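Enquirer: Each protein sequence line maps, in turn, to chains A and C. If you count by the working numbering, then the first sequence holds residues 1 to 485, one letter each, in order. If you count by the working numbering, then the second sequence holds residues 486 to 1148, one letter each, in order.
You may find that some hints are simply not true.
Quick partial rundown of chain A residues pointing at chain C, CB under 10 angstroms, derived from the structure [claimed, not checked]:
1) 410
2) 414
3) 426
Derived EDC-like pairs (lysine to aspartate or glutamate); straight-line CA-CA distance at most 20 angstroms [stated by the list, open to error]:
4) 835/C <-> 429/A
5) 331/A <-> 847/C
6) 878/C <-> 109/A
7) 360/A <-> 799/C
8) 878/C <-> 247/A
9) 905/C <-> 109/A
10) 782/C <-> 108/A
11) 884/C <-> 247/A
12) 775/C <-> 430/A
13) 780/C <-> 397/A
14) 878/C <-> 251/A
15) 833/C <-> 429/A
16) 360/A <-> 787/C
17) 833/C <-> 397/A
18) 833/C <-> 367/A
19) 780/C <-> 247/A
20) 360/A <-> 733/C
21) 222/A <-> 809/C
22) 222/A <-> 847/C
23) 405/A <-> 799/C
24) 72/A <-> 788/C
25) 405/A <-> 847/C
26) 222/A <-> 733/C
27) 360/A <-> 788/C
28) 860/C <-> 108/A
Treat the hints as calculated values from the structure; they're not laboratory data. Bear in mind that the values here come from a model prediction, so they are computed numbers and not experimental data. Note that beta-carbon positions come from the ideal geometry of N, C-alpha and C, so glycine has one too.
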Amino acid sequence: MPPHFSDSPEATACYRMLSLSQAGPSPETVMKSPRPGSLVEKGQINSRWLDSSLSLMTQDVQKDDELWLRFKYYTFFDLDPQYDTVRMTQLYEQARWALLLEETDCTEEETVLFAALQYHIEKLSLSTDPTDPSGDAPTLDDLDSALSSLEVKLEGGTAPTDMLENLTAIPELRETLRVFRPRKLTLKGFKPHWVVFKETSLSCYRSPEEALGEPVQQLNLKGCEVVPDVNLSGGKFCIKLLVPSREGMSEVHLRCEDEKQYARWMGACRLAARGRTMADSTYRAEVQNILTFLQQQRAGSTSGPTPSPSPAPDGAGPTWLFPPRYQKRFKPKQLTPRVLEAYQNVAQLSLTEAKMRFLKAWQALPDFGITYFVVRFKGSRRDEVLGIAPGRLLRIDLAVGDVVKTWRFSSMRQWNVNWDSRQVAIEFDEHINVAFAVVSAGCKVLHEFLGGYIFLSTRARPGPGPGPVPDEQLFHKLTGGHEAL
Amino acid sequence: MEQTSDEIDEMFSNLLGEMDMLTQSLEVETFQLSSPKESTKEFNFSVGFKDLNESLSTLEDKDLDALMADLVADINEAEQKTLQAQKTTSDHQQKKATESLMGFETIASYEYKTSTHGITTSGPVEDVLPPPPLESELDFPLLPPPPPPPAPEPLTQEQQEAQAKTDKIKLALEKLKEAKVKKLVVKVHMNDNSTKSLMVDERQVARDVLDNLFEKTHCDCKVDWCLYEVYPELQIERFFEDHENVVEVLSDWTRDSENKMLFLEKNEKYAVFKNPQNFYLANKGKNESKEMNEKNKEALLEESFCGASVIVPELEAALYLKEDGKKSWKRRYFLLRASGIYYVPKGKTKTSRDLACFIQFENVNIYYGTQYRVKYKAPTDHCFVLKHPQIQKESQYIKYLCCDDQWTLHQWVTGIRIAKYGKTLYDNYKRAVQRAGLAARWTSLGIVEPAVSTGSSSTGAAQANGQIHHASKEFSEAPKQAEIAKEKRPNVVNNSSSAQPVIRPQKPEAKQALQPPPPPQRRSSATVSSPCLPSKAKRGSTASLSDPISFPAPPPDMGSDLPPPPPDFYEPPPDFVPPPPPSFSNSTGDLAPPLPPPPPPPPASVTSKPLPLTRKPGPPAPKRQENTGQVGETKSTGVEGGQLDFMSDLRKALNKKRGDNTS
């Protein structure tokens, strides 16, 4: 915890609140919230930024008015989870809302990943105390493990983990499962097989008696794709395996009887895909995660809307993790297996890692960090959109949404604002001049964005640890406009 | 003929060098147990190590000794065989040096019991051989010196005993670990059609192999050099990324694969870092290359690669997609995003929410498709292919895409690599630049190139993939250092590749080296990694390692003269290597099996592994001749298994040789 938060109990409480992500919104809240439907609407949101060079009272903010606190510039230097729990959490909140309210557009696959990460983060947030310094360190469950890890450090280990695996007994699974191997021109039919899971490979036999002989099929699952095919209400617990081989992919479907069997086999398959065996320490956690997720989905789909401590606030399955657009497009039972699949890839992340992953995925979206303004370029007869992003300016066609032209801040020489005619003129290298009038917002807002990004680009190269203290004077000079002079 | 003899010599010297290296590394391990480097390594392996360590700790000293004795017994046995084989082989070398060795020219591969040597010979070595770290303390101003060993503190009797016990445990563990290291001998094709065989162990990434090749070829070490895999059957090819594990990639090749590994310069590899503006600022649809000053380039790279997340170039274009199982190519509008390749479904717009996912990158590699106009009736020859690295045959799971022009192809392949590998790519580039810069600098200083790499790789820095150089890897540099030292002594340092950069040992010295038991002198001189087969000393001097031209690939048709070796030869008897029957050298060239069919290999080495591909008979000789890039692999883990495999290759080669001689 940074020192300035430990001054008083109030400050500590504040720190706690800011560094915990809040419980998930209900789908109704999200559905009711205003969502920008077009570039113009996105541009209009940006007219609401307060002037950073004036006091709140000067800007007519009254007592009990509600204000939003948002990160304005999408350049996040030195985001270090160690020092920056609050900033990271708040960024995560902003990112999550930007996605849920469809301010940042993304594809179906990306949405599913975001949903899985959200689910994981909320689940972990419930059990984490942000003021606990060891909150995010690898948890040492008990004294025994703490002692033994100390012992290892003292003794000095040289053996890689996989050697240990070979020397200890590796658990195996031997059960009857219904197996289906899709081939061309075969009808879909699951046949019961005696299936043995040993190390990272899977062998199918017709019966337990034949297990001494040649298997019907044997597959090494290392590097394979594991896709869950689960329908809770239908009682379907399928695992689809796509195993790469020299000739292509072999596809095998395993059908389990119940959740528990499914979790056992799924956990084993997923570890094997990563080249690990069930002797790996993560196996139990893997199985447990799968069970928890399924149980929560089940509870959600049967008990109806109940305010519960679980992150799923109501009975809509995982829909609350999705923006309304996708809530409308898919049924909850379609979304559950997809979230489950993505979730399994992130379930081993710690809270901090999961948030960082979420932020990274958000930042990797093509639309990330663009602030839109409706403008009219000099000599043009219709409105267009100017997008300001870290490092660049974009001229965007209002109707189609295509980027027509890009200018970079690094080639910018100077910019001038005519406060009376609300016109901005920018000069770039090679005598490129751009002039436009701002339509959707005040000149000052756009001016602050230009100055702010320029200020941020003057910053020294990001190095390890907290960067140099920013020069506040320069910031005000760059963003203040005519009042600053 | 002569070249092939060279080949076998080279292989031999590699093997011998390897053994010596192992001896040294073992030696050093025992010396250095308390050094800081060792301790960081231990720390890395501390996870999950507890139980084993504990179980070993609970053993009485007596038991420990017994365990060690067991290990040593195995080792002795293995070593005896090796020495015997060396002797027989070298005898034959002397007698029939002029004979052809076509069979041996194919790739030998084996799993090496690295820990096996050394224990028994450690006594003498200790006296003669200075610990390698001393050698690496040659003054390289640019390189951080290896961490100095901590000052030994006086220990009480009790502590010493405890220390001795820990050391034993560590030694035993080290051996177990080393025993698992898989090595492959890989044939790399140079761009002048010659080839080089080199040993790659499973811990090495492409960067290490490149550095290795730089030393062998004395090329300019520029960043554009890359390892390149070519699949003739699928007509696809791609460069290895520098952080990729080479053995892992090669393990996916089939045993009779025609795939090849090349060493060549490809401008495409790091073009994005030399001119980022062409990828990040290019106008859509235009493919002119623009100029940008270095400062702006750097800023652009910084912005694209050093932020919280890597920026993937925005690419969208109409590409042709080969439809599953059909010959037709369908034009679709594709977009590249960090999360994968998407396309615009019919009647939809290209807004994010409407996009359909075409493929994501976790499980696929990207390849160039070559001459697909002929092979698949593609609209153009500018094709790229996405497939799982394990797939080696045509399959519906391989995706084929075709671009309008070369530049579009270049952009897409680069963009996909950025999306797939992210910042790692930039780290690889920076490391390559550093390597090239060092090379240039050292060359200009008049110092032989290998010196640089020796220093740079022996710093033990974490690599891009986080892999840490293992001690043994570092010590493997020792021979080269010795080589340099030797070169400097006679004052004939010469950078030009036509000169002979490797001093070959004199005939008597080498001869001595090959006779069992190895005398201590061998160990000190053994640090010369060049071939030291006696009969080869004279001719070998004409074929310097630095000059690839002197190793032209053997004419492809030569192999077809040879009948395939009987498969039995791959199965050597488990317990001994019989001296070759004398009559054999006089036998006719029809290669009738000169030995009675050997008994099957010890079951332990086969049955313990899940994969049944141990000791399969290799493909017939003519085929192997073409498949020069082939990598066989042995999965057996038993000590005998590893040794035998190696022996069988030797013996096979000898038999071939004899057969040739008489024909």
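Enquirer: Honestly, which of those hints from before does the structure not fit?
Expert: 2, 3, 4, 5, 6, 10, 13, 15, 19, 20, 21, 25 and 28
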